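Heads up: the protein sequence lines correspond to chains A and B, in order. Going by the numbering used here, the first residue of the first sequence is number 17, and it counts up by one from there. Going by the numbering used here, the first residue of the second sequence is number 17, and it counts up by one from there.
It is worth saying that the hints were derived from the structure and are not from the lab. Remember, predicted model here, so these are calculated numbers, not experimental data. Think of the CB as a built atom: it goes at the ideal place given N, C-alpha and C, for glycine as much as any other residue. Just so you know, not all the hints are guaranteed correct.
Restraint ranges, calculated between C-beta atoms of paired labels, are given here [unchecked claim]:
#, chain 1, residue 1, chain 2, residue 2, range
1, A, 122, B, 37, 22 to 30 Å
2, B, 66, A, 49, 26 to 34 Å
3, B, 30, A, 70, 21 to 29 Å
Capping the alpha-carbon separation at 25 Å, the derived lysine to any residue pairs in SDA-like fashion look like this [to be verified]:
#, chain 1, residue 1, chain 2, residue 2
4, B, 96, A, 80
5, B, 42, A, 42
6, A, 32, B, 66
7, B, 132, B, 113
8, A, 70, A, 98
9, A, 71, B, 61
10, A, 130, B, 96
11, B, 96, A, 138
12, B, 42, A, 119
13, B, 96, A, 93
14, B, 48, A, 132
15, A, 33, B, 102
16, B, 88, A, 134
17, B, 39, A, 138
18, A, 129, A, 40
19, A, 71, A, 53
20, A, 71, A, 123
21, B, 132, B, 114
22, A, 32, B, 81
23, B, 48, A, 139
24, B, 96, A, 119
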Amino acid sequence: MNYLPGTASLVEEIDKKLLVVLRDGRTLIGYLRTIDQFANLVLHRTIERIHVGKKYGDIPRGIFIVRGENVVLLGEVDLENEDKLPLEQVNIDTILELQREQQVERELEQDRKKKAMAERGIHVDQAIDDF
Amino acid sequence: MKIVDGMVEGTRGRGGRRISWVKNVKDSTGMKISECCEILLERERCICGTLHSVDQFLNIKLTDINVTDPEKYPHMLSVKTCFIRGSVVRYVQLPADECDTQLLQDATRKEAAQNKQR
């Protein structure tokens, strides 16, 4: 066997630029410095990347110690093709504003759905509240 | 959060109502259950790739990955190989035509028989 399975395989990723997706949906990009058997991670020179549609923004964050249970996936960033993505970088304020707009839109969408369901006699929250 | 901290301090007062788990979730998230579900579904993602390695916790390493819906997950475009923590895996789907079910069945039966003998 010339490879390590499971969390041990992360040894190969040390000191590389990694993209980490957390359970709450956040995306961090940084250099992996240390790992352990739980996939607890130490990320150096980390940025948080926010995507909205085809636009993205980076917020510099510094050093992270990520508890393993919050990690969904991590992958090596392809440095060669990093700049060739069909995405556009915008500044922090713009992306935060876009994110807020997206959030509002989602809430409206949810309300619409709920209304449509209610018209057809389905009350999701009430049904669960009953007990 | 209340839910993960374990025991709730004190006791329920005489004749006090039991608080359902759902109520706890709602109190600590400040959201309705349907909204929580919505978020959960939104976070769901599908990744296809070639299996590089897997361990006893179902930690999975994939190479040559493809995200089924790149518009929804634009950050995955720059990633070619990835490590997925086993605890977040819901299911693994094998391509049906590359999976010899007959062979698998025989193998499991053989192993079961061996375990019986021991």
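Checklist entry - Under the criterion that the straight-line Cα-Cα distance not exceed 25 Å, is the pair residue 32/A, residue 81/B satisfied? => result The hint holds at about 18 Å.
Item to check | Restraint status (C-alpha distance of residue 88/B to residue 134/A at most 25 Å) | outcome: Roughly 28 Å separates the two Cα atoms, so the pair is violated.
Checklist entry - Keeping to a limit of 25 Å between CA atoms, is the pair of residue 96/B and residue 80/A held or broken? => result Holds, at about 23 Å.
Next on the checklist: What's the verdict on residue 71/A and residue 123/A, does the C-alpha distance respect the 25 Å limit or exceed it?
Outcome noted: holds, 21 Å
Checklist entry - Keeping to a limit of 25 Å between CA atoms, is the pair of residue 42/B and residue 42/A held or broken? => result Distance of about 22 Å is within 25 Å: holds.
Checklist entry - Are residue 39/B and residue 138/A close enough, with their CA atoms no more than 25 Å apart? => result holds, 20 Å
Next on the checklist: Check whether the Cα positions of residue 96/B and residue 93/A lie no farther apart than 25 Å.
Outcome noted: Satisfied, since the Cα-Cα distance of roughly 7 Å is no more than 25 Å.
Next on the checklist: For residue 42/B and residue 119/A, compute the direct alpha-carbon distance and say whether it is at most 25 Å.
Outcome noted: holds, 19 Å
Checklist entry - Would you say the C-beta atoms of residue 66/B and residue 49/A sit inside 26 to 34 Å of each other? => result With a Cβ separation near 28 Å, residue 66/B and residue 49/A satisfy 26 to 34 Å, so the hint holds.
Checklist entry - Are residue 48/B and residue 139/A close enough, with their CA atoms no more than 25 Å apart? => result holds, 12 Å
Checklist entry - CA of residue 96/B to CA of residue 138/A, is that 25 Å or under? => result violated, 43 Å
Item to check | Pairwise hint evaluation, residue 53/A against residue 71/A, where the allowed Cα distance is 25 Å at most | outcome: Measuring from Cα to Cα gives roughly 35 Å; hence the hint is violated.
Hints 3, 7, 10, 11, 16, 19, 21, 24 from the earlier list are contradicted by this structure; the remaining hints agree with it.
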